[in-house]
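Student: This is what each chain is made of:
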Amino acid sequence: MTARRKRIHLAAHFPGVDSTTVRADPRSRSQIEFASFEHLARTAERGLFDFFFLTEGLRPRGHRARIHDLDVVGRPESITVLNALAAVTERIGLAATVDATFNEPYELARRLASLDHLSRGRAAWNVVTSSDAFTGQNFRRGGFLDRADRYTRADEFVRTARELWDSWRPDGVSRPFAHRGRHFDIAGEFTVPRSPQGHPVVIQAGDSAEGREFAASTADVVFTRHGTLEAGRAFYADVKGRLARYGREPGELKIMHGVTVVLGDTAAEAQEKATEIRRQQVSPQNAILALEQSWGTDPSSYDPDGPLPDIDLVADSAIAQGRTRRGDTVALAEMGVPPLERSRERGRRGLSKEKGLSIRQTVIEASARQSFIGTPAAVAAELAEFVRADAADGFILVPHPTPGGLDEFVDRVVPLLQERGDFRTEYEGTTLRSHLGLPTPRWQG
Amino acid sequence: MTSSHGRGLLHLAAAVDLHAEYDAGAFVELVGLAERGALDFVTLGDSFARPGLDALAVLARAAPATGRIGLVPTVTTTHTEPFHVQAAVATLDWVSRGRAGWWIDVSRTEGEARLFGRRHAAPAEELWQEAGEVADAAARLWDSREDGAEIRDAETGWFIDRDKLHSVDFEGATFSVKGPSIVPRPPQGHPARIVDATEGPARRTAARFADVAVVRAVGREQTGAVREELRAAAAGFGRDPDGLKVLAGLVVDLGGGEHAAEPGHGGGGPRQTAQGPLYRGGPVDLAELIAAWHQAGAVDGFHLTPVEPRRDLERLVNGTVALLQHRGLFRTFYPGSTLREHLGLARPANRYAVTGGAS
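Line by line, the protein sequences give chains X and F. Position 382 (the first sequence) corresponds to 382 in this note's numbering; numbering is contiguous. Position 125 (the second sequence) corresponds to 125 in this note's numbering; numbering is contiguous.
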């Protein structure tokens, strides 16, 4: 290979309402105060990261029709936080998760174009969809959107937003737009001139077949999560392989894995820290709850440190409300909760029995996400290997304590990646598209 | 702080509407200028049909670059989702540490309706009825998570006390919201709500839900009469009338130098134009006008829209405001840190909180 070494892309995720955050950590501070967002965004920018990433919440999660009180509850609205962060950062991309089900294209396209102007070309939109009536109760649109329709609406939503952004020519001349489709019938004039990036970067998450197709046809970045190098390579090959049929080059879509990192001076120390972090993330209460949500059973009589009960399993999705499809419940289901038609031996019970794990230990194992654990040098080498082996183009790091959880990575791993030639030593451009190496979108006149 | 003739503090606000400006720096400069004048707040107008950036976005961008001044974007209620609107305004309050306001407006035209394709244009009465419901629902959502709901209890593992989160179950004519909000209660409790109460259909909504009403009228007596009407209506809704500040809305053109450029205006008072009541003249005469209207009890203050923002806001701050400060009629520094404090408005009690002893 004589081609330039493939560079790693890095992004920072501010943890939302999931149980990633370790609240017991003395460094853990507010999830709401602007100072927390500022600290993490500036740390990521100091580390020359591509972008800073926020998720959204549209309704506090529920458990048995009551508000779930064991994890972080509540957060500010993403785009507004990012506009404020544009004032205290210079280069780092600013990515907002915004639902395509409970918004309208004209308004959201305008808000995203505004963020792109106000940040001078650093805006990104992580497109997500909702299907549940639970969330819908907060909106004019109301409840349920059929799962199949979620992607057709999201797809039409993104296309419509791009039509609006393209209604201004690069030379500053605007013209009226008219969009008539299955989900939207709108017309008029878009009131924000073409923004610095032309189109804000579009990020998408989702592993289903529809999700992959949507990403291949539409997204600039895919946010995914795959546990092993092999699984990552398979996903990478599959999604990149879908691009050609949309006339796109492999480099036009970046695949980034959401991961956590735990560092230590020795491998053993890092492993010990990782174990402790997982124990803090999965409290005894959370372990019992996970069991209930996955198995649909009344868990109150069980000891979280005792063995897994020998009962029939009935997954009951009605227990937990407002969790994303990629949440812990789904991870558990994938890892082991066997739907009745599946072999139990392959399931969690098998896993648990084999290793002699308690309920809590089982949940810790089953809900683990991709984590790079080791010395800074080992982690740098492993991250680089994932990218070199075409399992990823980069990583979205989810720190444990908020907001200081990224400091150590930036101080200890980034310099090693730079020494290896795997990561930039300065921002070469000013826009998020330039950080990601994405082409300027062609104006579709 | 000097109060004048028992009329309460003088409140001053200015619009920072720059036409066809898409760079943050120009807005930040204007907001900073207004802050040097210790104005209560700046406003930025918006509509889906107006060329320009999303106003709330612009003022969120300005928040970390400023320290004290209130930030009041227009956010409309006709084609937006009430849940998103209240979350965005609450978030502006968080990122500005208690300086957010919300200028409530409606979208009247069919052209705006076509940008969304969900409903047709409606009569002003209906739109303002709905705007009131949105304002009401927003305040309930701001109350839906009590202060101190976050407990981070290590023993039980609880992050929040779920008894301090409340559904709002709001049922309006055009929308319903379950709640609670996802955003914790904003620093001000309720960011200040502002309504242009010049036209009839908006006046009832202003009297019921606004903290600040802007009235665009050319005469002192006329403005004072509307103020009394608004205060009476507010009392009729069970409010303390002093909780509703009424500001005279004037477009100001200070380009004419120290003396009135046109005979009969300037010192003679505003005249009616298509853009609203226009004051044209010098900064000193404007200070006279402001002092006279305020001392007569016709207004609690002024909302001034500069014709040429860069020029006129500078003259307003360094001329008019400086003179008012010199005469002890306007603050020279911010004694408080939140917009409500500037306005002399208390942080509202939470309607869902069980007060000590009451239960």
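One or more hints might be untrue.
Simulated restraints on C-beta separations [stated by the list, open to error]:
(1) X/S174 / F/A173: 32 to 38 Å
(2) F/H19 / X/R141: 30 to 36 Å
(3) X/P26 / F/P348: 31 to 37 Å
Computed cross-link-like contacts, EDC-like style, restricted to lysine to aspartate or glutamate with a CA-CA straight-line distance of at most 20 Å [stated by the list, open to error]:
(4) F/K178 / X/D132
(5) X/K6 / X/E230
(6) F/K178 / F/E130
(7) X/K6 / X/E272
(8) F/K178 / X/D390
(9) X/K6 / X/D422
In short, the hints are calculated from the structure, not lab data. Keep in mind the model is a prediction, meaning the values are calculated, not measured. Note that CB positions come from ideal geometry on N, CA and C, so glycine has one too.
Student: Taking the hints in turn, state whether each one holds.
Tutor: Evaluation of the provided hints:
Take X/S174 and F/A173: their Cβ atoms lie about 36 Å apart, and the range 32 to 38 Å holds. Distance hint check: the CB atoms of F/H19 and X/R141 are about 34 Å apart, consistent with the given range 30 to 36 Å. The hint said 31 to 37 Å for the Cβ distance between X/P26 and F/P348, and at roughly 35 Å that hint holds. For the suggested pair F/K178 and X/D132, the alpha carbons sit about 14 Å apart, so the restraint of at most 20 Å is met.
Proposed proximity of X/K6 and X/E230 is supported: the alpha carbons are some 19 Å apart, at most 20 Å. A distance of roughly 17 Å separates the Cα atoms of F/K178 and F/E130; the hinted pair therefore holds under the 20 Å criterion. Between X/K6 and X/E272, the direct Cα distance comes to roughly 32 Å. Violation of the 20 Å bound is thereby established for this hinted pair. Of the supplied pair hints, the one linking F/K178 and X/D390 is violated, its CA atoms being roughly 45 Å apart against a limit of 20 Å.
As the CA atoms of X/K6 and X/D422 are separated by approximately 7 Å, the hinted pair is consistent with the 20 Å bound.
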